[in-house]
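Peer 1: Just so you know, the sequences run in chain order W and Y.
In terms of my numbering, the numbers along the first sequence are unbroken and rise by one, the last being 356.
In terms of my numbering, the numbers along the second sequence are unbroken and rise by one, the last being 356.
Worth double-checking, as some hints may not be accurate.
To be verified - Computed cross-link-like contacts, EDC-like style, restricted to lysine to aspartate or glutamate with a CA-CA straight-line distance of at most 20 Å: (1) W/K211 to Y/D207; (2) Y/K324 to Y/D251; (3) Y/K232 to W/D197; (4) W/K324 to Y/D207; (5) Y/K324 to W/D207; (6) Y/K211 to W/D318; (7) W/K324 to W/D251; (8) Y/K232 to Y/D207; (9) W/K232 to Y/D197.
Stated by the list, open to error - Coverage of chain W stretches by chain Y, computed from C-beta distances (three or more under 8 Å per stretch; other residues unrestricted): (10) 262-272; (11) 288-297; (12) 318-325.
These are computed hints drawn from the structure, not numbers from a lab.
Note that beta-carbon positions come from the ideal geometry of N, C-alpha and C, so glycine has one too.
Number of protein chains: 2
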Amino acid sequence: MIQIRPMTPEDFERFWPTFQAVVIAQETYAYDPALTQEQARDLWMKAPLHTLIAEEDGQLLGSYYLKANAAGPGNHVCNCGYMVTDAARGRGVARLMCEHSQQLARDSGFLAMQFNSVVASNEVAVGLWSKLGFETVGRLPKAYRHARLGLVDCLVMFKWLADEPVAKELAQPKLIGRKNIESVVSRPRRK
Amino acid sequence: MIQIRPMTPEDFERFWPTFQAVVIAQETYAYDPALTQEQARDLWMKAPLHTLIAEEDGQLLGSYYLKANAAGPGNHVCNCGYMVTDAARGRGVARLMCEHSQQLARDSGFLAMQFNSVVASNEVAVGLWSKLGFETVGRLPKAYRHARLGLVDCLVMFKWLADEPVAKELAQPKLIGRKNIESVVSRPRRK
């Protein structure tokens with residue numbers, strides 16, 4: 166059975182070959198392919214609010230991070246990144262992690278999730294996020310230099326997460342006020 | 166005559182009241198309104214590649230920063246932020262700084278400029294960026310908690326800057342290859 170739990174620095178050691186392969190491929194992530202293991206660990210584990218792994222019988226299958234996508238008046242929107250090991254591809258690990266991250270985001274007080282730069286040629290990811298309820302709300306022309314395809318577009322994908330019907334603000338005026346939003350948003354983020 | 170030059174730490178002292186007022190207003194920037202002066206200086210001067218001021222007869226009129234919007238295969242797209250002092254409003258300082266930043270971006274080797282989160286209710290900014298050639302390529306629903314208006318949308322605005330016709334990649338196949346792009350992009354960024 167696949168389990169999802171917080172990542173430890175030792176887990177990152179095991180995860181590093183996957184991270185490195187993904188970044189060096191230059192097909193999906195806008196990370197510097199020359200990142201050292203330490204820089205990568207800081208980026209993946211230190212900057213985010215939460216970093217988790219998916220594993221089964223002690224075997225690492227993938228990892229994801231969750232963080233606020235902006236500060237202050239934008240900190241009700243979070244951002245996540247997911248990576249799956251080569252061996253675990255096609256087993257639904259990305260879907261599982263994305264579903265897990267949406268619940269974790271809600272539990273952490275976020276109201277929405279945004280992917281800033283989904284490489285448009287990454288059809289598997291675009292298809293999966295769409296199936297999981299993310300809307301393509303933007304298209305960045307030629308924003309990514311794909312190693313094989315050259316300049317390709319990136320998509321901005323967005324999903325409103327809150328259980329409360331804050332999306333229907335006109336019908337629910339009591340929920341628009343900043344005070345109400347902040348009461349939802351300003352829960353302590355770290356457990 | 167208005168001049169634009171690199172910002173010094175002393176300039177930031179003079180700029181701080183403007184920065185603070187903009188951030189506390191919570192109408193345009195997604196910065197934490199509780200930022201200290203030191204944190205704000207790091208954000209505005211240390212994280213970016215360039216930070217400049219506009220001044221006239223020693224009077225500070227505004228400031229802007231320029232930085233890469235992403236790393237690795239996304240580092241040909243830059244991002245800027247602009248702030249104008251209250252006293253200098255309506256004098257075209259934002260336009261001047263934005264035009265200056267586009268040239269600086271080209272000179273620094275960037276191929277495009279992206280604004281990740283223009284608060285949709287900030288009609289002056291949206292109108293100005295549109296006039297200066299930025300296209301609205303995305304709309305983030307309710308991504309900003311406006312102090313007066315509650316949840317409002319943000320726009321993603323984008324402008325291709327390169328003089329070379331790399332935008333017409335189908336007509337110019339020689340320009341798509343990663344090697345060609347990188348030769349444009351990997352110029353040293355700091356002078």
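Peer 1: Each hint: holds or not?
Peer 2: Hints versus structure:
no. : hint             : in the structure
1   : W/K211 to Y/D207 : 18 Å, holds
2   : Y/K324 to Y/D251 : 27 Å, violated
3   : Y/K232 to W/D197 : 15 Å, holds
4   : W/K324 to Y/D207 : 31 Å, violated
5   : Y/K324 to W/D207 : 31 Å, violated
6   : Y/K211 to W/D318 : 29 Å, violated
7   : W/K324 to W/D251 : 27 Å, violated
8   : Y/K232 to Y/D207 : 13 Å, holds
9   : W/K232 to Y/D197 : 15 Å, holds
10  : 262-272          : violated (count 0)
11  : 288-297          : violated (count 0)
12  : 318-325          : holds (count 4)
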